[in-house]
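Student: Work out the full structure, taking the sequences as your base and the hints as a guide.
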Amino acid sequence: MKLLKRSLFSAIFFILITTNVSASNPSEFISDLSLKTSEILSSKITDDEKIVKLKKIGESSVDINGVGLYTLGKYRKTLTENQKAEYKKLFKDYFLKSFSGRLVSYKDAKIIVINEEVKNEKYTIVYSKLLGNSDRPEVKIDWRVYTKNPENPLIRDLVIEGLSLARTQKEEFHSIIENNGGNVQALFDTLSVFANN
Amino acid sequence: MLQLSVVFQTSADEGAKDCFEKINRATFAFNMGLDKAIFKPVSKGYRKLPSPIRTGTSNALNNLSNLITVPNNILQGDFSSALHNTTRFLINSTLGIVGIFDPANSFGLERKEKEDFGQTLGVMGVGEGCYIVLPVLGPSTIRDTVGSMISFSGGDAWYNITVKNDTQYVNESDYYFSKGVSGVDFRAKNLEAFESVERNSVDLYATIRSIYLQDRKRKIKNSKEIIETMDDSDWDSIEK
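Line by line, the protein sequences give chains A and B. Sequential numbering of the first sequence, starting at 1, is according to this note's numbering. Sequential numbering of the second sequence, starting at 1, is according to this note's numbering.
You can trust all of the hints, since none of them are fake.
DMTMM-like, lysine to aspartate or glutamate: derived pairs with alpha carbons at most 25 Å apart: (1) K110/A x D215/B; (2) K217/B x E117/A; (3) K148/A x E121/A; (4) K92/A x E198/B; (5) K84/A x E239/B; (6) K89/A x E198/B; (7) K40/B x D135/A; (8) K74/A x E21/B; (9) K170/A x E198/B; (10) K36/B x D135/A; (11) K219/B x E116/A; (12) K55/A x E198/B; (13) K107/A x D185/B; (14) K140/A x E192/B; (15) K77/A x D236/B; (16) K114/B x D78/B; (17) K119/A x E239/B; (18) K189/B x D135/A; (19) K110/A x E110/B; (20) K129/A x E195/B; (21) K48/B x D185/B.
These are computed hints drawn from the structure, not numbers from a lab.
Tutor: In structure tokens, the structure reads:
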């Protein structure tokens, strides 16, 4: 009986964390996402197992293609169709590794949604805070949620204490390309090395 | 004059103006080595101190920072914040035992954002100018470095009573000790965040530069308004 209960609990837990976050209200969407992420981070599984689960969450809740295009900036327009396809794959691998890698170091991460601001039909900003603990101060996190398809909201940016992660990534990519004489291939190589390391 | 305007040019939309990138990258590498050898291990040790000691240290340093914040509140014309911070300073320096405790917070006087001379120059319309990395001190801009020089030329009361005019109660070493502990306290609070950025960046130098410049812009704006990092037009371009 105990074993059955445990199996049932594990099955429900697995379904919860692998199912797409499907709440249509942006605040609910972020609350659900935060809760699921927090459960993974505090669970007693290995970091590698956490990373697999976090990647699934990232894949279903972030507009990876949109973020990828944004971070490429002005160089987006210079790509051939083949390069676009290559970049799309490289960026996805890079993003999911970076996303899960950044999160996995936080063992105790509880996020509370404060309110939301509908900017227009495409964007809602959800304001939240990461609760502080004895080692870490409270952190304000604003989520830029893309709501073009209201049934499937997607995250496009995280603004942590006023610092946009998407913008930081855009400037990082821009720096790599510029320091290699405007050669986009240098960025592709860097992303490939990062993803395969 | 032309050179001066280039150095202080506002670069809101054109991204970082990194005029000395090669030197900056070398200084950055030196600072990272220093961090690895000294600041990171010391910060890890600091984190092992009991929480009340760390909180008390952090409170005292924050209290001390009012000596720079208040004059800058006034210079920026923000008199209500100047009054708020002065009252906080007086309460915490006395009832809070040189700022170790924060009773002012219990009286409804919450901690406000720190201000410095670099921010005041920004509020006055001076552009950030070229990005520079200072040895040991880290990221800065020409404008923020000028701001720091103002602090060392009489703008910082704590510097004046410790370094410039050695008094009976405090001396030069107290100033440098407070600055060193302030750096360690900041580093200790951000150990995981730094590690995460370090591990997941493909160009750490560019990441730190972006974070620093965005942070300074946000502090100069001094408001909760949506700043350029969240400007829709930035994102609209990818829909075209």
